[in-house]
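Peer 1: Below are the chains, spelled out letter by letter.
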Amino acid sequence: MEMQPGQMAYDRASTVFSPDGRLFQVEYALQAIQMGGTAVAVTYEAGIIFVAFRNLPTSSLAEAGSIEKSFAIDSGLGCVTAGLIADSRVLVEFLRVEAQRHRLTYGESAPYSLLGHALGTLLQQFTQFGGTRPFAVSLLLGGFLGTTPGLVELDPSGATIGWKAYAIGRNRRAVADFLEEKVTEHLSEDAAFKLAVQAVAEGSPTPFLAEALDVAILEPATELRRLTPAEVARRVQGMPFIGAPERKGNGR
Amino acid sequence: MEMQPGQMAYDRASTVFSPDGRLFQVEYALQAIQMGGTAVAVTYEAGIIFVAFRNLPTSSLAEAGSIEKSFAIDSGLGCVTAGLIADSRVLVEFLRVEAQRHRLTYGESAPYSLLGHALGTLLQQFTQFGGTRPFAVSLLLGGFLGTTPGLVELDPSGATIGWKAYAIGRNRRAVADFLEEKVTEHLSEDAAFKLAVQAVAEGSPTPFLAEALDVAILEPATELRRLTPAEVARRVQGMPFIGAPERKGNGR
Amino acid sequence: MEMQPGQMAYDRASTVFSPDGRLFQVEYALQAIQMGGTAVAVTYEAGIIFVAFRNLPTSSLAEAGSIEKSFAIDSGLGCVTAGLIADSRVLVEFLRVEAQRHRLTYGESAPYSLLGHALGTLLQQFTQFGGTRPFAVSLLLGGFLGTTPGLVELDPSGATIGWKAYAIGRNRRAVADFLEEKVTEHLSEDAAFKLAVQAVAEGSPTPFLAEALDVAILEPATELRRLTPAEVARRVQGMPFIGAPERKGNGR
Amino acid sequence: MEMQPGQMAYDRASTVFSPDGRLFQVEYALQAIQMGGTAVAVTYEAGIIFVAFRNLPTSSLAEAGSIEKSFAIDSGLGCVTAGLIADSRVLVEFLRVEAQRHRLTYGESAPYSLLGHALGTLLQQFTQFGGTRPFAVSLLLGGFLGTTPGLVELDPSGATIGWKAYAIGRNRRAVADFLEEKVTEHLSEDAAFKLAVQAVAEGSPTPFLAEALDVAILEPATELRRLTPAEVARRVQGMPFIGAPERKGNGR
Amino acid sequence: MEMQPGQMAYDRASTVFSPDGRLFQVEYALQAIQMGGTAVAVTYEAGIIFVAFRNLPTSSLAEAGSIEKSFAIDSGLGCVTAGLIADSRVLVEFLRVEAQRHRLTYGESAPYSLLGHALGTLLQQFTQFGGTRPFAVSLLLGGFLGTTPGLVELDPSGATIGWKAYAIGRNRRAVADFLEEKVTEHLSEDAAFKLAVQAVAEGSPTPFLAEALDVAILEPATELRRLTPAEVARRVQGMPFIGAPERKGNGR
Amino acid sequence: MEMQPGQMAYDRASTVFSPDGRLFQVEYALQAIQMGGTAVAVTYEAGIIFVAFRNLPTSSLAEAGSIEKSFAIDSGLGCVTAGLIADSRVLVEFLRVEAQRHRLTYGESAPYSLLGHALGTLLQQFTQFGGTRPFAVSLLLGGFLGTTPGLVELDPSGATIGWKAYAIGRNRRAVADFLEEKVTEHLSEDAAFKLAVQAVAEGSPTPFLAEALDVAILEPATELRRLTPAEVARRVQGMPFIGAPERKGNGR
Amino acid sequence: MEMQPGQMAYDRASTVFSPDGRLFQVEYALQAIQMGGTAVAVTYEAGIIFVAFRNLPTSSLAEAGSIEKSFAIDSGLGCVTAGLIADSRVLVEFLRVEAQRHRLTYGESAPYSLLGHALGTLLQQFTQFGGTRPFAVSLLLGGFLGTTPGLVELDPSGATIGWKAYAIGRNRRAVADFLEEKVTEHLSEDAAFKLAVQAVAEGSPTPFLAEALDVAILEPATELRRLTPAEVARRVQGMPFIGAPERKGNGR
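Which chain is which? The protein sequence lines are A, B, C, D, E, F and G, in order.
The opening position of the first sequence corresponds to residue 1 in the working numbering, with each subsequent residue numbered one higher.
The opening position of the second sequence corresponds to residue 1001 in the working numbering, with each subsequent residue numbered one higher.
The opening position of the third sequence corresponds to residue 2001 in the working numbering, with each subsequent residue numbered one higher.
The opening position of the fourth sequence corresponds to residue 3001 in the working numbering, with each subsequent residue numbered one higher.
The opening position of the fifth sequence corresponds to residue 4001 in the working numbering, with each subsequent residue numbered one higher.
The opening position of the sixth sequence corresponds to residue 5001 in the working numbering, with each subsequent residue numbered one higher.
The opening position of the seventh sequence corresponds to residue 6001 in the working numbering, with each subsequent residue numbered one higher.
Chain A extracted, bound-state conformation:
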């Protein structure tokens, strides 16, 4: 991120606008998100596919399953995240509690757009009050209106946008352009899966192993299902971008 002269005078607190009305700490949080892996969500006829690239330690000793990018929130509600792992955990915990609160009060699943707004309001507070920093997380929250799948994107500013398919994290814009071009109406689950994996590959500068992918499927009225490494490996077989890993130390 190139800096303009004078920028440093305004970029060290969430509670300060720059003369041209920017909140630099929010922009820097977005920068932190760009440093992590790409994550993609694609809706299809019957559900939503979440695929995320995990910055896996290349060690075989790591429990790949412990690096979660997709999370179940409630029946028919799930999300995928990009950004700081520990920040993501806080937001996912917030979504789960909100979802339970709604279920207890109204006796039904929380509408995903309502949850998205609640999370957006939480995120906004971290951009307006001092003594804290914005969350460095982008998040695609998926759910259903009846049986129609939908996605809400959240970023550190607390803004929300709805999507049929979208990308967050590294190379987000290029990956989103890819999706824009390829996503069609009436995708089957398999087509959506393939598209999502290809999209994540678009965001990755190098080939990667199947186990680097965190894949999850969300269908109405059921819990988000994360695919096992074996399932993922089987389904991505033969895809050209699934290469031999380059060894990079222990990961972080």
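Misleading hints may appear alongside valid ones.
Stated by the list, open to error - If you anchor each label on the Cβ, the simulated ranges turn out as follows:
#, chain 1, residue 1, chain 2, residue 2, range
1, C, 2130, B, 1007, 21 to 29 Å
2, D, 3103, B, 1007, 40 to 48 Å
3, D, 3107, G, 6228, 54 to 62 Å
Bear in mind the hints are in silico, worked out from the structure with no lab data behind them.
Quick reminder that beta carbons are idealized off the backbone N, C-alpha and C, glycines included.
Following the hints, position chains B, C, D, E, F and G against chain A.
Peer 2: For chains B, C, D, E, F and G alone, coordinates are given in the frame of chain A:
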């Protein structure tokens, strides 16, 4: 915004006046609002038209409906906003709660000018107490006195002004001049709609697609009605400024 | 306001005296008040006339009535303000609540000097405690001792002075000198009205429209009565300084 | 006040000693007090005379009576102040509440020295805790031990000293020297009055009008009695320093 | 750690992102951890071996047992730490209380991954809220899923990763590479012990005494068992890297 | 106090150590104490003599008795102070309340050493927590163990030392050396009185009037007795250092 | 302590790590401790000897007994401290309250290692939260496990280490080396006493008087016994380093 020598000494906190009595953080918040799309509200004989330009991602995958610029507050109460999306959500939520509180206490809709003053007082606090920043939102709140429509404009300072028709956001002054020139007494709904759309077009540097417009109609004692994309498309047909979109990446 | 060397070291917090014992933030708040329109209050035999110049948007679409400079506080109590609109609203709200509290406790209208002291104490706190800024408002509070009208002036420091007639806002000193010269004992309402309007005209660098004037009359044991634009227009007819407006954009 | 090199490093918070053990903000508050008018209290056989010079607006429209420098606290208790008007009001209010609290608890007037210590403790806190500034007020509190009149002087540091007669505000040292020279035992009320007025005149660089004087008399077991302008005018007649006022604008 | 120009502007508070989205205080805390000894955990068929190098004072007067690097948390739960001793104690205490809370609520041991997430959330808060610093501790928390051993690694950011075997503290990356190469399936306890000790030796620049090792074994449903110095000495006998200590003063 | 290069970086808050482990604000508070008069306490067979030099205003109008340096705390408990008057008052008030609390709880006078530790703990807190400054007071607290008199010295750091005789305030070291040389066992009250007065004279750069001395005597189980000016004048008659006062303005 | 370039950027708050992971304020607190006298604790067969050098004022008027370096905590629990006197008092008070709390809850003396951890946790908090400074105290806490004596050392970081014998304060490392060399198993009380006194002498640059030593003995299930000056003088007789005092003014 051109800076004067010495300005930087006073522009980093809401709680500091400059020697000539200015609150720079409030002015910078207005600057942030100028960066978003234009929004317009026009009263006509029987109601109020709200039209806002949405900085839509150009992707067909975006759910245009999820980018809301106009909001229902209560029966016969609605608003349109310009500025930061997440800040707007907080203010709209405040208005809705205030409206419900009034309804519960007095058994009737809150007068729109009363709601406007309550919101102005909230906004003012964010310009006088430390550890926070002003809201980067301008807002046109509409309602009825009996059956006479009226508008209150709110800006980050918390000041309120009443209008028959007005504009906020990008190129606000030019668009307001346009309205000043064109708005007449006894407008029909359709005339008001056309005027409002033209006004938003005045604020836009380039032609835009019909779906970039968030259009809503408020009539007495009924909920704000947001037009569907189809309705909007039908009603703007043939207007010269509705052009082919220029592609600009994914939006933000 | 010309700055002295070293002044900047002491002028950024209400809680810091300069070496010569000045509180610069209070002085800067006064500077903010000078940027708004002139307001005048003149007592006459049976009541008080409040006249204020409103920085009206020149648009015919603005609801002139929504820009209030004079406010009813309680029966036989009213005020006129100069300075930031949103700050004024907070102070007027404080006065109204204080007046109601007194009425509930003692079963009678609050004496205007008592209310003035209560408001002065509120204003003082914003000059002594950190994390906030002084209010940028001057205010003339009017009421009656028996049937004798009286005024208390309040400024950002919280100081209070009683007056028979006085001016606040733009060119305050010159307008006060004008009043000093012209005000006599036993003024009729009409004479007081004419004097007050002339005084406001003294404070204005250019002629203005009748609708730029916010005029209100306070009489004992009745609510402050704000004159309608029509009344104002009728009563100022023929006064030389009521000219054709020069167009100045939309106001702020 | 001449500044020493390095002084600015220590003079912006009450909570910081300079290397030579000074609290500059307290000294700057004293400086603020020097900018106001002189005030004097003189005890005589049967009571205490308080005389203060009021920085009256030269306008005949000002209610001279509204600018109070002497205040009744309780039966047989009163004070005169110099410094910021609004700060004084806060301290006078504190003294009145403390006096009532004592009366309610013990069924008798509070001893004036006890009240003085309570006020001194309040003032001290504003010199030791951060986020605030010292009060810019000096105050002479008068009362009786039996029927013997006495005075306690308070300054921004919270220190207290007892006096038979003393001066605060502008030119305090010269006026106190004058009193030291002139005050004798067994003064009559009239002699004390004349001495006090002369002392205030010593502190004033120019002649002044009788109405510039705020005069009050305190006698045991009665409320402080402020002389009316007419009384003051009558009693100062013929005193040489009561001259024609030089016009100085509207005062502040 | 080499510094880049401009880094100092962003590296003094947890609540500030640098322009490229980094949280320098978290990175500096990791640096503090690198200065302490290496710690290793290796899972084997029936349990987990924890081995840590203790920066023992070389004095024979020190109670080696008082320098703890491995800690029992609850039945079948234990951990090893690297970093500041006093920070570690706070985190271990947190884990113990959380484990008891879970046991009291659900009547069973807390799953180790759940405990890890709870601790991660605590750590995250110290990276987002002001007025504090991150914990300078890395920690390997071990437990069992049924009878299958597992490890969660926590670092100052609050991120969590699962491992079969891993290293924290000095030369963490090199030691982890060593483990990656050597650890195989179906290790016996003895093989795991030898591997872990060798790994710690990899992290140490010089030979060390047996008593420098803090060794503990965790098996399902039993308390963590710390080996006595005699046990350790016996089991490491003949290992090449267990040398004569070089004398280094009193330790810290 | 001569400053070392770099000192200013660490001397503006109680909560910051300098690199060589000093707390400069505590040292500056001691500096403030050196600017006031000397105070001395000398134990003798049956009691304790407290003598303090009062920086009396040279005016005959001052109530010398109002400038207190010695204070009764409880029966058989008293103290003398040096430093800021208002700070001293706060500490004396603390001691009185603590003594009453002890009396109410245990039905006996508080041991003076216990009171000293309680006060020391209060003083310490003002050297460790931010947002405040240390107290600028040294204090000699006297009491009895059975009938044996004893003294505890307290300074701004909160440290306590017991003495048979000691000095605080201006020229403290020289005066203490004088006492060291002159004080013997089994002093009579008169001998102790003379020694204490001589010691204070050692600390004074010029001769002084008898009324400048605040003298008090503490005996077991009785309230501290402050000598009247007449008593003091009588007992110091003929002492060489009691000279004619040099006039120095009004004192402060 | 020599400073490195850039160090000053990170050394003014407990809540800031330097780029190499150091907490400078903790290191500066250790520096403050080095400026005080040496203190030593030596365990022997039946108990613990505590010997501390007191920076006694050289005046015979000082109550040597009032300068305490060793403190009884509870039956069979005691400690010796080095560093700021007032900080030590706070920590000793904490230990006493903790010990009583344990006794009340469990009906037995608190284990010394448990108390040590509790104190360590208190000390740690002052290194992690803002608005305060670390305690400038090192402390050797002694107690018994059954009848076996043991010591825990605490320093400003909150770290704890167990020792058979150790030194804190001035020249700590050299004195500890001395102890390492001389301490043997099965010391008698007298041998331990002699060794401890010799060790303190090692830490002192000059000979000192017997009364400069604070000596205390702790045995199981009894209160710490501080030796009287006479006892100390008798037992150190003939030791070579007990010399004639050099006079150094009044001590501090």
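Peer 1: Has the hinted range 40 to 48 Å been met by the Cβ atoms of residue 3103(D) and residue 1007(B)?
Peer 2: Given range 40 to 48 Å: violated, Cβ gap about 55 Å.
Peer 1: Should the hint that residue 2130(C) and residue 1007(B) are 21 to 29 Å apart at their CB atoms be regarded as holding?
Peer 2: Given about 23 Å between the Cβ atoms, the range holds.
Peer 1: Starting from the range 54 to 62 Å, see whether the pair residue 3107(D) and residue 6228(G) falls in it by beta-carbon distance.
Peer 2: 55 Å, holds
Against the hints set out earlier in the document, a violation occurs for number 2 only.
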